[in-house]
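Trainee: Chains as they are written, first to last, in our numbering: chain A, 2 to 369; chain B, 19 to 160.
Think of the hints as simulated: they come from the structure by calculation, not from any bench.
Just so it is clear, CB atoms sit at the ideal spot from N, CA and C, and this is done for glycine as well.
Do not rely on the hints blindly, as some may be mistaken.
[As the list claims (entries may be wrong)] With a straight-line Cα cutoff of 30 Å, these simulated DSSO-like cross-link-like pairs (lysine-lysine) come out:
1) A:Lys229 to B:Lys129
2) B:Lys129 to A:Lys299
3) B:Lys134 to B:Lys155
4) A:Lys310 to A:Lys340
[Claimed, not checked] A short, non-exhaustive set of chain A residues, derived as facing chain B with CB atoms under 8 Å:
5) Ile238
6) Arg306
7) Glu331
[Said to hold, decoys possible] Derived, one-sided and incomplete: chain B residues facing chain A with beta-carbon distance under 7 Å:
8) Thr30
9) Arg68
10) Ser69
11) Val71
12) Asn72
13) Glu92
14) Val94
15) Ala98
16) Arg107
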Amino acid sequence: MLRTPLEGIERAHGANLGLFAGWLTALDFGDPISECRATRSSATLFDVSHMGRLEVDGNKSFELLDKLITKDLSTLNPGEMSGPALILNENGGIKDDIMVYMVNDNKWLIVCNAVNRVKDINWLLEWRDRLGFTNGDVSVKDLTTDSVLIAVQGPKSLELLESIGIKDACKISLLNFMQNIRVGELSIYLISRSGWTGEEVRSYGFELWTDVLNGVKLYESLIKAGAKPAGLIARDILRIEMGYVLYGNDIDEAVSPIEARYWMALSRGKDECVGCDRVWSKYVGGVNRLRYGLKLKKGVKHILRRGYKILAGDEVVGEVTSGSYSPTIERSIGMAYIKVDHAYIGFNLDVDIRGNRYEVKITDFPFI
Amino acid sequence: MSEAHITVRTSTGEYLIRLDVRYTESDEWVLIRGNTALIGITDYAQKKLRSIVNVELPAIGKYVKKGESVAVIESVKAVADVYSPLSGRILEVNNELLTHPEYINEDPYGKGWIIKLEISDVNEINDLLSHEKYIEKIRSSE
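Just chain A, with the same shape it has in the complex:
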């Protein structure tokens, strides 16, 4: 079991800890629903130190990443991020969804799902060998356990960073980052304008990456400046409100990005990378199921849970992969893969909740 380096300070602020992807980390601070509301209305802090952080270095680093990642990285400039991008297996199934940061032509950073960190490193090294590159051509370094990653999300996030002295935060635009920022005593390795709550879409989100010692101080000073700590359950609810997929729940190696409708992680026309050809042939040839949103009627308080069946008459036409209660729209929401000939957006199908049927509306994303 790995433990977040912020465990001590999070406990001091009332965290309930639990396991996520092999990490003991803060799942909530007493009330995930109010943590969501605080994110949407003010600003909250999420410890996302469990997420994998890799450095890919060397004069063949672009070639390696270009071969393995769905996004067109050739259009990036130093200081820019790819947005959501995918690593695919050779069948076009999703190995991971990641974010790529371009430091310079020969140095790239990757933030990946905690659950896939080791798998991704092995895949990068395997393909380095297959492409005939050496350790000198391209190296892969795991920076995860020596650092912390803190997401500051919500409409007051910029104000908050400025109030602790990060005056340049306003200069960072969406999906851009700055490095080696000094603020008084604090030294921060990287600040990006990004996130996974939906607040980043409105440019209301930052992610701060630094070493452990500075991370603890940073967390404390952000709390002192008025940020409310939030946990991974709130983060899960916020991402479901946006229709974002969670690896292992909504996507995995058996799912095609076309079925997941993960359009934002693909670059149309890039069919040279591993698995990309399979994705685009599926795009042309068609798929049998697609991911859609689900909404229970107002007042129905059940939560849509992974594995619940979607029914049209007596036929099972889909299955829930994620769900939660949305405090923003005050409804139970979720997502499911539904057979394309029953994906009636705007109409209702039924969902079987422990033997009882409830009407569920088929919708697009986001929910808010």
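Got chain A sorted already, so can you dock chain B onto it with the hints?
Mentor: Same frame as chain A, now just chain B:
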């Protein structure tokens, strides 16, 4: 909360233990008064479930067996059955929870109580855990 409580700290958090009640392995508490038992879920259980959004309660007058599911609690995290710690007849249910399921989070040993039973077999009380045993149970399951 006027009753005596202690706080137990484990690797995942801090949990309140009420001292004048008995417990079950499945995280219910039982307050015995004469031949009645007031039943709820523990602070440890509510913290594992987190924000509770829905509670399904049994019918008054129904007979339940020890270990039988008597209520269903849904949170943003999970669905959990509440198992009757004792056999008996349902005397009362906490209807407040239908509109305020969050009472279980806010005050699990107080206004978050779930059902009241008329005990049909007092011998079963001996099978319930003391608070010391329940603390051991929490510690060993971490």
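Trainee: Decide, hint by hint, whether the structure agrees.
Mentor: Verification of the supplied hints:
1. As the CA atoms of A:Lys229 and B:Lys129 are separated by approximately 27 Å, the hinted pair is consistent with the 30 Å bound.
2. At most 30 Å may separate the alpha-carbon atoms for a hinted pair to count; B:Lys129 and A:Lys299 meet this at roughly 26 Å.
3. Taking the CA atoms of B:Lys134 and B:Lys155, the gap is about 25 Å. The hint holds against a cut of 30 Å.
4. Taking the CA atoms of A:Lys310 and A:Lys340, the gap is about 12 Å. The hint holds against a cut of 30 Å.
5. A cut of 8 Å between beta carbons decides the hint on A:Ile238: the least distance to chain B is about 6 Å, and the hint holds.
6. At a threshold of 8 Å, the smallest CB-CB gap from A:Arg306 to chain B is about 7 Å, leaving the interface hint in force.
7. Because the smallest distance between the Cβ of A:Glu331 and any Cβ of chain B comes to about 11 Å, over 8 Å, the interface hint for this residue is violated.
8. Because the beta carbon of B:Thr30 sits about 5 Å from the nearest beta carbon in chain A, less than 7 Å, this interface hint is met.
9. Because the beta carbon of B:Arg68 sits about 5 Å from the nearest beta carbon in chain A, less than 7 Å, this interface hint is met.
10. The interface hint given for B:Ser69 is met, as the beta carbon of that residue sits about 5 Å from the closest beta carbon of chain A, less than 7 Å.
11. The interface hint given for B:Val71 is met, as the beta carbon of that residue sits about 5 Å from the closest beta carbon of chain A, less than 7 Å.
12. Hint on B:Asn72 holds. Least Cβ distance to chain A is approximately 4 Å, under the 7 Å limit.
13. At about 6 Å, the closest approach between the beta carbon of B:Glu92 and any beta carbon in chain A falls short of 7 Å, and the interface hint on this residue holds.
14. Against a cut-off of 7 Å between C-beta atoms, the interface hint on B:Val94 holds, since the closest Cβ of chain A lies about 5 Å away.
15. Because the closest C-beta pair between B:Ala98 and chain A is about 12 Å apart, greater than 7 Å, the hint is violated.
16. The restraint placing B:Arg107 at the interface with chain A is violated, with a minimum CB-CB distance near 25 Å, outside the 7 Å limit.
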